[in-house]
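Undergrad: Sequence:
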Amino acid sequence: MSILAGAGIAVLETEAGMSRLFDLDLQLIVDAGLMIIALFFLFMVLSYMLFNPARKMLEGRQNKIKNELDNAAADMEAARALKEEYEEKLKEIDKEADRILGEARKKALANESQIVAQAKEEAARIMERARKEAQLEKQKAADDVKREMISLASLMAGKVVSASIDTTVQESLIDETLKEIGEGTWLS
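The opening residue of the sequence shown carries number 944 in our numbering; numbering runs sequentially from there.
Be aware that a few hints might be false.
Listed next, the in silico DSSO-like pairs over lysine-lysine satisfying Cα-Cα at most 27 Å (straight line) [unchecked claim]:
hint, residue 1, residue 2
1, K1038, K1049
2, K1050, K1038
3, K1063, K1050
4, K1122, K1081
5, K1032, K1049
6, K1083, K1050
7, K1009, K999
8, K1009, K1026
9, K1050, K1034
10, K1038, K1026
Calculated from the structure, these hints are not laboratory results.
Construct the entire structure; sequences and hints are all you get.
TA: Now the structure itself:
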């Protein structure tokens, strides 16, 4: 048997002249089994100490992200519902504003009609009052003219009786009386 020291692999020569790459003896099999068991336990310990906390952290993070996405979806749905509600309220407010404006226009037209009717009635009353006052003034002026005529006639009659019945004298008396009264009285 010769051992190659440089490669670390034992090469055995058998009597028949064959050489083996590995020497599978009982010690090597036991060492390999123990190493596999040790690696398995090491993997279990590392899995328990490293992988499980990492898995828990990743699961927690995944759950947190899922919850945040669910909350965001719920918030978006709530916001959408609120938006629709506010849009509906805005439509109702617009309808209400249009209704109020329509009522205000109707009231304004009614008030306008009422004010115009009152103004026409007042104008008619003023015109009637002015007509009555004009009629009274006309009657008063006619009465004043009658009084003036009566006083003028009595004045003329008195002068005619006291003077001779001469036409020239009578005309001069009429002219004199008219000058005393004034021409403005007859023209107005």
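Undergrad: Decide, hint by hint, whether the structure agrees.
TA: Status of each hint after checking the structure:
1. Distance restraint check for K1038 and K1049: the Cα-Cα separation of roughly 16 Å lies within the 27 Å cut-off, and the hinted pair is therefore satisfied.
2. Pair hint K1050 plus K1038 holds up; C-alpha atoms about 18 Å apart against a cutoff of 27 Å.
3. The straight-line distance between the Cα atoms of K1063 and K1050 is roughly 19 Å, inside the 27 Å bound, and the hint therefore holds.
4. For a cut-off of 27 Å, the pair hint linking K1122 to K1081 stands: about 25 Å separates their Cα positions.
5. Our distance criterion of 27 Å between C-alpha atoms is met by K1032 and K1049, whose separation comes to about 25 Å.
6. Annotation: proposed proximity of K1083 to K1050 is violated, straight-line Cα distance about 48 Å (limit 27 Å).
7. Among the hinted pairs, K1009 with K999 is consistent with the structure: their alpha-carbon atoms are about 15 Å apart, no more than 27 Å.
8. Taking the CA atoms of K1009 and K1026, the gap is about 25 Å. The hint holds against a cut of 27 Å.
9. Restraint check: the Cα-Cα separation between K1050 and K1034 comes to about 24 Å, which is no more than 27 Å; the hinted pair holds.
10. Distance check on the hinted pair: K1038 and K1026 sit about 18 Å apart at the alpha-carbon level, within 27 Å; holds.
The structure fails to meet hint 6 from the earlier list, while all remaining hints are met.
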